[in-house]
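Protein chains: 2
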Amino acid sequence: MTQTLQVSLGDRSYPIHIGQDLLSRADFILPYLKSKQVAIVTNTTVAPLYLEKLTQTLTSEGVSITNIILPDGERFKNAETLNTIYDTLLQNRCERNTTLIALGGGVIGDLTGYAAATYLRGVPFIQIPTTLLAQVDSSVGGKTGINHPLGKNMIGAFYQPQVVLADIETLKTLPTRELSAGLAEVIKYGLIRDLPFFEWLEKNMPDLVKLESAAIAYAVYRSCENKAEVVSADERESGERALLNLGHTFGHAIENAMGYGVWLHGEAVAAGTVLAADFSRRLGWLDAEQFARISQILKAALLPVDAPDLGVDRYLDLMGLDKKVENGKIRLVLQQGIGKSVITSDYDTQKLRDTLSLAP
Amino acid sequence: MTQTLQVSLGDRSYPIHIGQDLLSRADFILPYLKSKQVAIVTNTTVAPLYLEKLTQTLTSEGVSITNIILPDGERFKNAETLNTIYDTLLQNRCERNTTLIALGGGVIGDLTGYAAATYLRGVPFIQIPTTLLAQVDSSVGGKTGINHPLGKNMIGAFYQPQVVLADIETLKTLPTRELSAGLAEVIKYGLIRDLPFFEWLEKNMPDLVKLESAAIAYAVYRSCENKAEVVSADERESGERALLNLGHTFGHAIENAMGYGVWLHGEAVAAGTVLAADFSRRLGWLDAEQFARISQILKAALLPVDAPDLGVDRYLDLMGLDKKVENGKIRLVLQQGIGKSVITSDYDTQKLRDTLSLAP
Chain A
1 MTQTLQVSLG DRSYPIHIGQ DLLSRADFIL PYLKSKQVAI VTNTTVAPLY
51 LEKLTQTLTS EGVSITNIIL PDGERFKNAE TLNTIYDTLL QNRCERNTTL
101 IALGGGVIGD LTGYAAATYL RGVPFIQIPT TLLAQVDSSV GGKTGINHPL
151 GKNMIGAFYQ PQVVLADIET LKTLPTRELS AGLAEVIKYG LIRDLPFFEW
201 LEKNMPDLVK LESAAIAYAV YRSCENKAEV VSADERESGE RALLNLGHTF
251 GHAIENAMGY GVWLHGEAVA AGTVLAADFS RRLGWLDAEQ FARISQILKA
301 ALLPVDAPDL GVDRYLDLMG LDKKVENGKI RLVLQQGIGK SVITSDYDTQ
351 KLRDTLSLAP
Chain B
1 MTQTLQVSLG DRSYPIHIGQ DLLSRADFIL PYLKSKQVAI VTNTTVAPLY
51 LEKLTQTLTS EGVSITNIIL PDGERFKNAE TLNTIYDTLL QNRCERNTTL
101 IALGGGVIGD LTGYAAATYL RGVPFIQIPT TLLAQVDSSV GGKTGINHPL
151 GKNMIGAFYQ PQVVLADIET LKTLPTRELS AGLAEVIKYG LIRDLPFFEW
201 LEKNMPDLVK LESAAIAYAV YRSCENKAEV VSADERESGE RALLNLGHTF
251 GHAIENAMGY GVWLHGEAVA AGTVLAADFS RRLGWLDAEQ FARISQILKA
301 ALLPVDAPDL GVDRYLDLMG LDKKVENGKI RLVLQQGIGK SVITSDYDTQ
351 KLRDTLSLAP
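Each protein sequence line maps, in turn, to chains A and B. full-length UniProt numbering puts the last residue of the first sequence at 360; the count rises by one with no breaks. full-length UniProt numbering puts the last residue of the second sequence at 360; the count rises by one with no breaks.
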């Protein structure tokens, strides 16, 4: 069974299809091609698993394909890899009506989307996310970009895909750590805006960790639904969309300090979410039981809940580089109970320092 | 006297102010700043001439400025220079509400606009073009980007400025060759859609070459008016906007073959315009007298009218890399008389080869 959601963004609206065996569904791809030319961008891990199937689906419809197979990993989400994409597109004379297809996780989606946003000032692209993180978060909403030595996702564009295909079959080959990393973002939607979903997750986390199909399909659908609502209301993150960054300002500092790719993004977000919850608790916005539930569900998803001890000043320094800074003061997404987040730079800085010192 | 035009693009609309002494007009800049932080991007040629004046105007209003002074020249319009901008912005912790100001010619405008489009997924920017080419063409319409070793302007984005300030005083320091290069684009507006302007240019070219203020102000205004109309109707170049590329497909081949920067862009466009006119003549769309008028006005603007002999196949090869290719066939902007251009890929290829062989 396939479920379909719509991301409503005026003339940039697009559907998300969620289900099984979507890689063989030419009917979900062909209507969006402007010519029978595509370039599939994937990586050395995903290509052996799924590239042949997608290739068969497209070539049987007469589509000609340029393959761009990149090395796997967050550390390759940079200007050099981006240039590899440009080079291949130019060498193959890919034109303005060539569609780029991102087949892979968040790194492939971000790189491909950014290449699509900037190649010849913009060509169409399609997201086929193959990790849970990409299916529930990064493939939806049009954030694209690359990392810079001085910070993550510092260079990028808002650029929406034509369609997203989330094939939950592809999650079967996902390493456990990456499945958990995706669950961090799933949990996030419950925390920031969807208490009933949070409660559902508390009950069903064991099934999700075991990758039980019906549970996973529901979690992906509900997550995409939440994300689509937020993005439709605030495409360029001038308001509510910033709530999706729960745990991310702390998390980016962790990823940056440990070296990109040492902690998975979702792992850093999980530990960052606990820091945000701890700070919210110190501000009196979360009680001890609520804090314990947040910590507990992340643990049940097999995620790290203990942030590394970087030292308070290093944390503040790295967090200050984050895009969510305004007039020099760090804006943070914090919890006011479960199911409600706020974004604020109006807080007691000493309490933030207490949180970052990992004091009990 | 200052004249103002509006580029109408819905919520991305913006004004163009044209006049003298605009660098001291804080009132044209301050309303567009989201914070009192700006980064001025300029080059080693323009900085000694105009950076101090602009700096005084802004600092007297309490604006804090980061200066980014780049080497001068088309060959620096590349990924490496772009990265210099990113590095400086990040090192100075420029935030999402920092406005980038492009102070310079087309290269500075394209680089700065593209940096603004992609830094933190987009920050505001202001164009202060200091060359005629930039004032009448590249600063208006939101085309931004950089060159790639395999082709000019291959990487980029459509990204509109907040406001454009065209100070015709700054043209007084412009080398004669660059003034002429700008006139190539001025003439283009007459050729593609404005016969009365073309006739005005035929009469007033001697004054324009002498940089007579009233004539220049009128030419800049009328050119921007034409460009604004075209861009408002077709922001992303799906139709009419492509007419603005008259002479450019040929011209880009010339620039690329000769090495970027050897021929100025406007010089290559001038020779390319003659090639387009020659091809139009061979197709029977232009008579001998019209062809002569086109050639004559370009000469009066002190522009080259003889394209270099690259060989037919080299021309076709380089032109095939241009963005204006569709399904493998080269689309060209051609003349149907003076004041009317069309874009077409429906033509006799042998006649194109005759034009490119520079046969009489």
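Hints should not be assumed to be uniformly reliable.
Identical chains blur together in the list; that is why a pair holds if it fits in one copy or across any two.
To be verified - Taking lysine-lysine pairs in the DSSO-like style, the calculated list, with each CA pair at most 27 Å apart, reads:
no.: 1; residue 1: Lys-340; residue 2: Lys-329
no.: 2; residue 1: Lys-36; residue 2: Lys-329
no.: 3; residue 1: Lys-329; residue 2: Lys-34
no.: 4; residue 1: Lys-203; residue 2: Lys-351
no.: 5; residue 1: Lys-340; residue 2: Lys-53
Hints in this document: simulated from the structure, not taken from any laboratory.
Same-copy or cross-copy closeness of Lys-340 to Lys-329 [CA-CA at most 27 Å]: within (22 Å within a copy, 55 Å between copies)
For the identical chains here, do Lys-36 and Lys-329 meet the 27 Å Cα criterion within one copy, between copies, both, or neither? between (49 Å within a copy, 15 Å between copies)
Within, between, both or neither: Lys-203, Lys-351 at alpha-carbon 27 Å: Close neither inside one copy (33 Å) nor across copies (74 Å); limit 27 Å.
Check Lys-329 against Lys-34 for me: Cα-Cα at most 27 Å, and say if that holds within a copy, between copies, both or neither. between (45 Å within a copy, 16 Å between copies)
At most 27 Å between CA atoms: does that hold for Lys-340 and Lys-53 within a copy, between copies, both, or neither? Cα proximity of Lys-340 and Lys-53: none, with 42 Å in one copy and 50 Å across.
Hints 4 and 5, counting from the list given before, are not met by this structure.
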